[in-house]
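Undergrad: Chain order of the listed sequences is A and B. Heads up, the first sequence is in the numbering used here, so the first residue is 3 and it goes up one at a time. Heads up, the second sequence is in the numbering used here, so the first residue is 3 and it goes up one at a time.
Hints are not guaranteed to be accurate.
Unchecked claim - Using 25 Å as the maximum straight-line C-alpha spacing, the simulated BS3-like pairs for lysine-lysine come out as follows: (1) B:K25 with A:K25; (2) A:K136 with A:K161; (3) B:K58 with A:K37; (4) B:K161 with A:K26; (5) A:K26 with A:K37; (6) B:K37 with B:K26; (7) A:K25 with B:K81; (8) A:K26 with A:K81; (9) A:K81 with A:K37; (10) B:K25 with B:K37; (11) B:K136 with A:K58; (12) B:K25 with A:K58; (13) A:K25 with B:K161; (14) B:K25 with A:K26; (15) B:K58 with B:K81; (16) A:K81 with A:K58; (17) A:K25 with B:K37; (18) B:K26 with B:K58; (19) A:K26 with B:K58; (20) B:K25 with B:K81; (21) B:K81 with A:K37; (22) A:K37 with A:K58; (23) B:K161 with B:K58; (24) B:K37 with A:K58; (25) A:K58 with A:K136; (26) B:K136 with B:K169; (27) B:K136 with B:K81.
If you are wondering where the hints come from, they were derived from the structure by calculation, not from laboratory data.
There are 2 protein chains.
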Amino acid sequence: MQFSSALLENAVNEFARLPGIGKKTALRLVLHLLKMDTPMVEGFGESLIRMRQDIKFCHRCYNVADGDVCSICANSLRKQELICVVESIRDVIAIESTQQYSGTYHVLGGIISPLDGVGPDQLNIESLVNRVQKEETRELIFALNPTIQGDTTIYYIQKRLQGSGVKITTIARGIAFGGELEYADEMTLARSITNRLPVESYMAGK
Amino acid sequence: MQFSSALLENAVNEFARLPGIGKKTALRLVLHLLKMDTPMVEGFGESLIRMRQDIKFCHRCYNVADGDVCSICANSLRKQELICVVESIRDVIAIESTQQYSGTYHVLGGIISPLDGVGPDQLNIESLVNRVQKEETRELIFALNPTIQGDTTIYYIQKRLQGSGVKITTIARGIAFGGELEYADEMTLARSITNRLPVESYMAGK
């Protein structure tokens, strides 16, 4: 792409570094910014810079936080003895958006994946084990993606916590609400039959 | 979406204002920025702010410029007596990227569209007419999108320049290179037969 302005070219190149944003999309976005009022663009740029400079990670659960402890850990109304173990901050946001979970989280920062060179030491697992022992956690809910890596991570942490008396569960897998049976993959369908529920608990969940 | 950090929420909301960027994409991009080094993110934010604050529009052709005159108008090697009339800056970048055009441009800033309330007065048409008369332009090449609005704009400007002696042309329409005949729309195919070229000039263009 040929630009007649170095300022424009620079902004487009910076945008095109973001994942999933090609040069053409970057140009479209930058030309949109060019049409916006200057204070709006200043607000946009500054909000990104401030976010990167000032954001912290919760000392307890490794979720993003504006201070030392995130707003979920700091909320005394949430069940502190319940920990939902997730891979990333994105999963926390997804679960929080359901407004159905009232416990706390623990963000691993990834999952065990030897092929990618990610072992237990690179993840926030040690702190989770310490936390479970120190805080007398009642239940650990795994909400990891159902991959081999996810299962390995569950297996590893479960082993580490053997004898601690904590209850370990994982979120339900099955046919999605609104999903049609004939389009479900065989694995999901087979597992949803094996792990079938009494109708009462199904109705209660609605 | 529920966020545990106001800084994160703010950055996501700012991103989601851009066209074609929804909340989920915005979150993905912001979490990517969060993983990047702070100086990189500062560079990104500042390049956008600086672009918006400092970018100018060329006094002559209304293209984006770092100074009063854009680098194309300032380039004495370009044929100043040739003006390519385009709708927007994006079209200038597209044509420049072909590296096949060595004249100058005139950015209209839109096209005549009475239904959208855009008349000739809102566009850089008066300045184009003045420029053609003052600069003794030899040829005006219209590179507008082939819509009714585009054709209306060509017709209007052509009328305004009647008697000026300037040659007025428009970029060729036809089957795209690599395009297959059977998938071409009827209008394009019909016009490409009517406006057929001698084989010599076709081969020369290759």
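Undergrad: For each hint, tell me whether it holds in the structure or not.
TA: Now for the hints, and whether the structure bears them out:
no.	hint	result
1	B:K25 with A:K25	holds, 21 Å
2	A:K136 with A:K161	holds, 18 Å
3	B:K58 with A:K37	holds, 12 Å
4	B:K161 with A:K26	violated, 35 Å
5	A:K26 with A:K37	holds, 17 Å
6	B:K37 with B:K26	holds, 17 Å
7	A:K25 with B:K81	violated, 28 Å
8	A:K26 with A:K81	violated, 47 Å
9	A:K81 with A:K37	violated, 48 Å
10	B:K25 with B:K37	holds, 19 Å
11	B:K136 with A:K58	violated, 61 Å
12	B:K25 with A:K58	holds, 22 Å
13	A:K25 with B:K161	violated, 38 Å
14	B:K25 with A:K26	holds, 21 Å
15	B:K58 with B:K81	holds, 23 Å
16	A:K81 with A:K58	holds, 23 Å
17	A:K25 with B:K37	holds, 21 Å
18	B:K26 with B:K58	violated, 34 Å
19	A:K26 with B:K58	holds, 21 Å
20	B:K25 with B:K81	violated, 47 Å
21	B:K81 with A:K37	violated, 30 Å
22	A:K37 with A:K58	violated, 33 Å
23	B:K161 with B:K58	violated, 31 Å
24	B:K37 with A:K58	holds, 12 Å
25	A:K58 with A:K136	holds, 23 Å
26	B:K136 with B:K169	holds, 15 Å
27	B:K136 with B:K81	holds, 16 Å
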